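Student: Listed below are the residues making up each chain.
Protein chains: 2
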Amino acid sequence: MLAERAALIESAIDRLLPPVSGGEARLLDAMRYATLGGGKRFRGFLSTEVAALFGAAGEGALRVAASVEMLHAYSLVHDDLPAMDDDDLRRGQPSTHKKFDEATAILAGDALQTEAFAILADPATHPDPEARIALVAALADASGAPGMVGGQMIDMQGEGRALALPEVERLHALKTGRLIRYAAEAGAILGRASPADRDAIAQYGRDLGAAFQVADDVLDATETAEQLGKTAGKDAEAGKSTFVALLGIDGARAEAERLATRATGFLEGFGAGASGLRALARYVVERRN
Amino acid sequence: MLAERAALIESAIDRLLPPVSGGEARLLDAMRYATLGGGKRFRGFLSTEVAALFGAAGEGALRVAASVEMLHAYSLVHDDLPAMDDDDLRRGQPSTHKKFDEATAILAGDALQTEAFAILADPATHPDPEARIALVAALADASGAPGMVGGQMIDMQGEGRALALPEVERLHALKTGRLIRYAAEAGAILGRASPADRDAIAQYGRDLGAAFQVADDVLDATETAEQLGKTAGKDAEAGKSTFVALLGIDGARAEAERLATRATGFLEGFGAGASGLRALARYVVERRN
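Chains as they are written, first to last, in numbering that gives the first Met the number 0: chain A, 0 to 288; chain B, 0 to 288.
It is worth saying that the hints were derived from the structure and are not from the lab. Small disclaimer: the values here were computed from a predicted structure and weren't measured. Keep in mind that a hint or two might mislead.
When chains are identical, the list treats them as one kind, so a pair holds in a single copy or across two.
Stated by the list, open to error - The list that follows gives simulated cross-link-like pairs (lysine to any residue, SDA-like), each with its CA atoms no further than 25 Å apart:
id, residue 1, residue 2
1, Lys97, Pro122
2, Lys97, Gly275
3, Lys39, Glu158
4, Lys98, Arg160
5, Lys98, Gly159
6, Lys97, Arg281
7, Lys97, Arg4
8, Lys97, Leu75
9, Lys39, Lys97
10, Lys98, Gly157
11, Lys98, Gln156
12, Lys97, Arg160
13, Lys97, Arg261
14, Lys98, Thr260
15, Lys39, Gly238
16, Lys97, Asp86
17, Lys97, Asp198
18, Lys98, Gly54
19, Lys98, Glu129
20, Lys97, Arg169
21, Lys97, Phe269
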């Protein structure tokens, strides 16, 4: 299910990115390199699945999915830079600044962020400008200083000093949680869900994102680089406080389970249409990469 | 006139940026450092002046002005990075990565871009979602791969090799011209100008932006670093093709004049209300920093 949807989202990204041409061809090439060629498309899946729940499957949902994947890709390109996490490997391939160079990677990340907003603003995403501007506002809120980028700043500053559990929870709620919650909410916005339904989906997304990150820490501590397709054990090595360091491996596994179960609880009113979202919560705690 | 408006825009930026607090305080501090404390606010002035021409002076115009200045500031922060133009000085002060560090500068630029879109998406900018989404679409178009960032990529690749005049013109039309044109168009969007009026303003903005860049090359070749508040002669030193290298100083001055005059020509239908925009075109070619 995940693989089939990933292929659809991949193809939407391919269609939506500008073709490689002109004096800026290297930039466009790097944008494609950073976004295409794999990935689970977890965030995009989430958007399309919630959109379908509210009767909004189709081109608009694929565009929203492509947009959130571009935003996510931009964050990975910048996070991998030497001045940031200094990671040479991403999905088993050279990270963008290794494949190209630092300047190109910085610019490709910048332009991917812009492109994510450009896609949402286009009438092809939703005929109603009110829905499009709500998507733009929600993405900006999730990804900027009060969200993802704020979380990345806290993460950079946390290197080499011990953070307490509430600090680590807030860090990840911002750094990865907000964008995952947005991916869920975006589907509800696209489907013009009622405020109560949108709120339930937002809470599901928040807990799903938290479960995702705790499970990620467990994977980082237990799986090999080959399995993960990225450098393993990096966070511990960089002296970052992880959920595994704070809770132990068994404790972190139990916490991921608790969060995934709580996430599913918010889906109770949605019946059989939400079975894909329930399966996603299971997948998040059971995945191996 | 420029100084008075600049103070209003400065105060709008100050109000609109998030307050410095939390674990991400360093990020918020760097965002403020990069955007506040001076600058001519040329792009913001242009937006407010066009908005006023179409009867849309006020809070919305100041928000649009603050937004375009944040977008511009993000581009400067990233352009100054060691992997890009490697500039230690900006407006006579340490550039953001010198004042803070590279990671913080990358993140501050990222978050300033996001904030520029967040401000446009907010109902306080314009009550009509159609106007707000048009602003978002226009800013994304002007600042991403088909605009500013694409131009910066061409600029990086042009170092050390000779570009012909049409290539240099396209480079700058993208790198600086598109955002200046947007700043003008944004005022017209805010004032719900007719398509014909918006088009005239866009053409004025395009030529004004071109004149601005040619005049900038002349300043870079003729003024001291002290006068400019930034490193002088850097482009020539980096082996970049400039208008001065291609046209000579007198030729470049004449070209800037020609472009400014052509820009003003597009204002003919607007009468006395456009006197500020005419003065701005004069200012662009007569300024000393």
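Student: The structure should be examined with respect to each hint, and the outcome stated for every one.
Tutor: Each hint tested on the structure:
For a Cα distance limit of 25 Å, the shortest separation of Lys97 from Pro122 qualifies neither inside one copy, at 36 Å, nor across copies, at 42 Å. Within a single copy, Lys97 and Gly275 get their C-alpha atoms no closer than 37 Å, and across copies no closer than 48 Å, so neither meets the 25 Å cut-off. For a Cα distance limit of 25 Å, the shortest separation of Lys39 from Glu158 qualifies neither inside one copy, at 28 Å, nor across copies, at 38 Å. In the homo-oligomer, the alpha carbons of Lys98 and Arg160 lie at most 25 Å apart only across protomers (23 Å), although the nearest pairing inside one protomer, at 32 Å, exceeds that limit.
Proximity of Lys98 to Gly159 under the C-alpha cut-off of 25 Å is restricted to the inter-copy arrangement: shortest distance 22 Å between copies versus 29 Å within a copy. Taking the shortest alpha-carbon separations for Lys97 and Arg281, neither the intra-copy value of 35 Å nor the inter-copy value of 46 Å comes in at or below 25 Å. Proximity of Lys97 and Arg4 under a CA criterion of 25 Å is satisfied in neither setting, with 29 Å inside one chain copy and 44 Å between copies. For the homomeric pair Lys97 and Leu75, the shortest alpha-carbon distances inside one copy (13 Å) and between copies (24 Å) are both at most 25 Å.
In this homomeric assembly, Lys39 and Lys97 come within 25 Å of each other (Cα to Cα) only inside a single copy, at 22 Å, whereas the closest approach across copies is 38 Å. With identical chains, the CA atoms of Lys98 and Gly157 are at most 25 Å apart between copies only, with a shortest distance of 20 Å across copies and 28 Å within one. Only between protomers do Lys98 and Gln156 lie at most 25 Å apart by alpha-carbon distance; the minimum there is 16 Å, versus 27 Å within a single protomer. In this assembly of identical chains, the alpha carbons of Lys97 and Arg160 lie at most 25 Å apart only when taken from different copies (23 Å versus 29 Å within one copy).
Taking CA atoms no more than 25 Å apart as the test, Lys97 paired with Arg261 passes in neither setting, with 40 Å inside one copy and 45 Å between copies. Proximity of Lys98 and Thr260 under a CA criterion of 25 Å is satisfied in neither setting, with 40 Å inside one chain copy and 45 Å between copies. When the C-alpha separation of Lys39 and Gly238 is checked against a cutoff of 25 Å, the pair qualifies neither within a copy, at 28 Å, nor between copies, at 43 Å. For the identical chains of this complex, Lys97 and Asp86 are neighbours both inside a copy (9 Å) and across copies (23 Å), given an alpha-carbon limit of 25 Å.
With identical chains, the CA atoms of Lys97 and Asp198 are never at most 25 Å apart, being 41 Å at best within one copy and 43 Å at best between copies. For the homomeric pair Lys98 and Gly54, neither the shortest alpha-carbon distance inside one copy (41 Å) nor that between copies (50 Å) is at most 25 Å. Taking CA atoms no more than 25 Å apart as the test, Lys98 paired with Glu129 passes in neither setting, with 40 Å inside one copy and 41 Å between copies. In this assembly of identical chains, Lys97 and Arg169 lie within 25 Å of each other by CA distance neither inside one copy nor across copies; the values are 31 Å within and 28 Å between.
In this homomeric assembly, Lys97 and Phe269 never come within 25 Å of each other (Cα to Cα): the closest approach is 45 Å inside a single copy and 52 Å across copies.
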